[in-house]
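A.B. asks: Protein chains in written order, with our numbering: chain A, 736 to 834; chain B, 736 to 834.
In case anyone wonders, no lab produced these hints; they're calculated from the structure.
One thing to keep in mind: the hints can contain errors.
One copy or two, either will do: identical chains are not told apart, so a pair holds if it fits within one copy or between any two.
[As the list claims (entries may be wrong)] Within a straight-line C-alpha distance of at most 27 Å, the following computed DSS-like cross-link-like pairs (lysine-lysine) qualify:
1) Lys813 x Lys797
2) Lys813 x Lys793
3) Lys741 x Lys781
4) Lys831 x Lys797
5) Lys813 x Lys741
6) Lys831 x Lys813
7) Lys741 x Lys804
8) Lys781 x Lys813
Number of protein chains: 2
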Amino acid sequence: MSQYLKVIADSSRLEILDLLSCGELCACDLLEHFEFSQPTLSHHMKLLRENDLILMRKDGNKNMYRLNKAVIENLTDKLSLLSSEAVPCICHDMDKGSC
Amino acid sequence: MSQYLKVIADSSRLEILDLLSCGELCACDLLEHFEFSQPTLSHHMKLLRENDLILMRKDGNKNMYRLNKAVIENLTDKLSLLSSEAVPCICHDMDKGSC
DNA sequence: CATCTATATAGATTTTTGTCTATATAAGTA
DNA sequence: TACTTATATAGACAAAAATCTATATAGATG
């Protein structure tokens, strides 16, 4: 889980996900919205893809990206378990007050 | 938001939050569950506190920690907006296909 | 085929961050 | 007061990560 969070925790990548949240965009559309270079965008998209947070299709020489909403939902669901009560979790194995 | 996520994205801190999800624990209880040193734990707790993800009270010479569930809920709520439709978001300002 | 556009890769560099050791502080206890 | 336990701080160091420039590839188009 921390691996997914690390990918999302970068402000540029989070903004990319936000931009994609309304629908498909190509890399060059995204690039125009950022200050960083094209190889940097390529690097971010690769990370997002490798971690299944986005999906890609080829359209001519363009890469069209969209959110993988299922994976993102799954991540937020798991994260919300932290603030919910009475779920199976590692904290049950803790011995309190042993120090 | 990415600041919060960066704090949570570390696997040690995520595990600390998980351990705290069942209730209050002192730093020394937590320390016994990890391989790293006491100063490292202290550093992690400081980060979690500075970002309001946990709350602390003093009990003698011990620090008692608990989750700040409100903040964590707020974070997961905002994150879940990514995978939901039709919310106000920066992607509406995008000009698609301008490249 | 030559060229342009869109994207990827390689490699270097800088920043960030997680960790350590050593030491300090602060509270409890004999 | 001396000592022990719990925690914090300072400073160093190493690993990870974000960025860049330069270059390569791949598809579209004249």
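A.B. asks: Could you run down the list of hints and mark each one as holding or not?
C.D. replies: Results of checking the hints against the structure:
{"no.": "1", "hint": "Lys813 x Lys797", "verdict": "neither (34 Å within a copy, 31 Å between copies)"}
{"no.": "2", "hint": "Lys813 x Lys793", "verdict": "neither (31 Å within a copy, 31 Å between copies)"}
{"no.": "3", "hint": "Lys741 x Lys781", "verdict": "both (14 Å within a copy, 19 Å between copies)"}
{"no.": "4", "hint": "Lys831 x Lys797", "verdict": "between (56 Å within a copy, 13 Å between copies)"}
{"no.": "5", "hint": "Lys813 x Lys741", "verdict": "both (15 Å within a copy, 17 Å between copies)"}
{"no.": "6", "hint": "Lys831 x Lys813", "verdict": "within (25 Å within a copy, 33 Å between copies)"}
{"no.": "7", "hint": "Lys741 x Lys804", "verdict": "both (17 Å within a copy, 21 Å between copies)"}
{"no.": "8", "hint": "Lys781 x Lys813", "verdict": "both (24 Å within a copy, 24 Å between copies)"}
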